[in-house]
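Using the sequences and the accompanying hints, generate a full structural model.
2 protein chains.
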Amino acid sequence: MRGNLFAVAVDLVVFTVRDGVLCVLLREREAPPFAGERALPGGFVRGREDLLDAAGRELAEIGLAINGHHLEQLGSYAHPDRDPRGRILTVGHLALVPDLPEPPGEGLWLPVAHADTLAFDHAQILADGVERARAKLEYTTLAAAFCPPEFTISQLRRIYEAVWGTLPDPRNFSRKVTSTPGFLVPTGTKVSSGRGRPGQLFHRGPATMLHPPMLRDHAASDPTP
Amino acid sequence: MRGNLFAVAVDLVVFTVRDGVLCVLLREREAPPFAGERALPGGFVRGREDLLDAAGRELAEIGLAINGHHLEQLGSYAHPDRDPRGRILTVGHLALVPDLPEPPGEGLWLPVAHADTLAFDHAQILADGVERARAKLEYTTLAAAFCPPEFTISQLRRIYEAVWGTLPDPRNFSRKVTSTPGFLVPTGTKVSSGRGRPGQLFHRGPATMLHPPMLRDHAASDPTP
DNA sequence: CCAATAGTGTCTTTGAGACATTATTAA
DNA sequence: TTAATAATGTCTCAAAGACACTATTGG
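Here the protein sequences line up with chains A and B, keeping their order.
The numbers in numbering that gives the first Met the number 0 rise by one with no breaks, and the one at position 184 of the first sequence is 183.
The numbers in numbering that gives the first Met the number 0 rise by one with no breaks, and the one at position 222 of the second sequence is 221.
Check each hint, because a few of them may be wrong.
Unchecked claim - Across the chosen pairs, the derived CB separations fall in these ranges:
#1 A/4 to B/29: 22 to 30 Å
#2 A/191 to B/79: 48 to 56 Å
#3 A/62 to B/104: 46 to 54 Å
#4 B/130 to A/83: 32 to 40 Å
#5 B/33 to A/62: 39 to 47 Å
#6 B/115 to A/4: 29 to 37 Å
#7 A/177 to B/98: 45 to 53 Å
#8 B/32 to A/168: 54 to 62 Å
Said to hold, decoys possible - Derived contacts from chain A toward chain B, CB cut-off under 10 Å, selection only:
#9 3
#10 5
#11 6
#12 43
#13 44
#14 48
#15 50
#16 79
#17 80
#18 81
#19 90
#20 210
#21 214
#22 217
Hints are computed from structural coordinates only; laboratory data are not their basis.
Being a predicted model, the structure only gives us computed values, none of them experimental.
Glycine is no exception: its CB is placed at the ideal position from the N, C-alpha and C atoms.
Quick look at the structure:
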């Protein structure tokens, strides 16, 4: 068999929205290389694992697998100098989770805008994850993956704000999401967000696609400086 | 270093449109495994190659690298049973080339609709490539990558027909592509396609994105049966 | 003259963009 | 009463969808 042998890892770009800010889950590396620097969580593919299996296991080891979070493959990175230990190919994955009370495992939630210097080529993987998430919010109902099982339209709208850097008009946004069949299922209950009028609660319907898409301003202000 | 070691390959989903039909470049395998069956062209990553480099080299070895064809990473496939020789991860790539006078190298152009049984998991990789190409024609100017350096609007429209399985209305299509700044640059010359009125020739402009996108009928007839 | 292809204009309809006020609750 | 948040309707405008005829060439 021609060609080199590679170690194969999976890395995770885990996003959540905390206080209206898109955050990514990072770990501080304890061992070299890049000891003390921040990196995406991840690890090597084991045994007979497939890639998504390995990514799911890593997610579980972080403490995030209780329920079915969104997880998809992002892309592979194999530059020969990306890891000083040798030839390591990593398959980046994108995971979207709701805001959690505490950072899972030993990780920390860092606003994406402040995650500019990362170990390895993780800044590039993160940038690709951000772009993927932004694009998918246009064509899919995936914003709900950032929300708890029940949520209001306002919460959903703030997801878009955090990911895109622009706050959609509340009336147009409401019109769009409520007129997409199967996106939002009303629960009939309301919830008060502290003070102010309580909002109507929904949970995710079976719809996965937005037709036609909700296009972001291509020239919108970018929350990653 | 924990985890198995993998051989890493790149496989190519090379599309062209021949006689109005979306075709994929395949090879007949000579050696086991899957000797005699059809497979995507590809090979192992060598030396200090990055993934795109390896895919570009494979494209060159096929005889397709003379000019800059479109080439992008599609995704990685690493199911433990995908190759009986052992643990091999392959990174699928998508390449789009204009219709060529002869099949390059030892390959054959097969209509995608007839490429249902392939070696390894290549049917899955092909299916993902088809879906990627279809989606990208909505949001990008990539259809021109299937065209020779100079082409008519009719030719471009037939690309959409071949990839999507639906023929856009000529007036609406013309309106859309000509009103996208930087998509089509008129050459001022005309060409006769056998008989009938000659068409105006264009070449690709610098635009890469279509804003807003040209959406395909989500319920369109699927040319892959 | 006929067959084949290129090229074009208008009306209708759908959906996005912009915009301000009222409703409901906690403090 | 005030402050905070949720909810909603209309007009305008941009773009897609539908639709048929004329122009130009080769045979």
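Task: Hints breached by this structure - done: none
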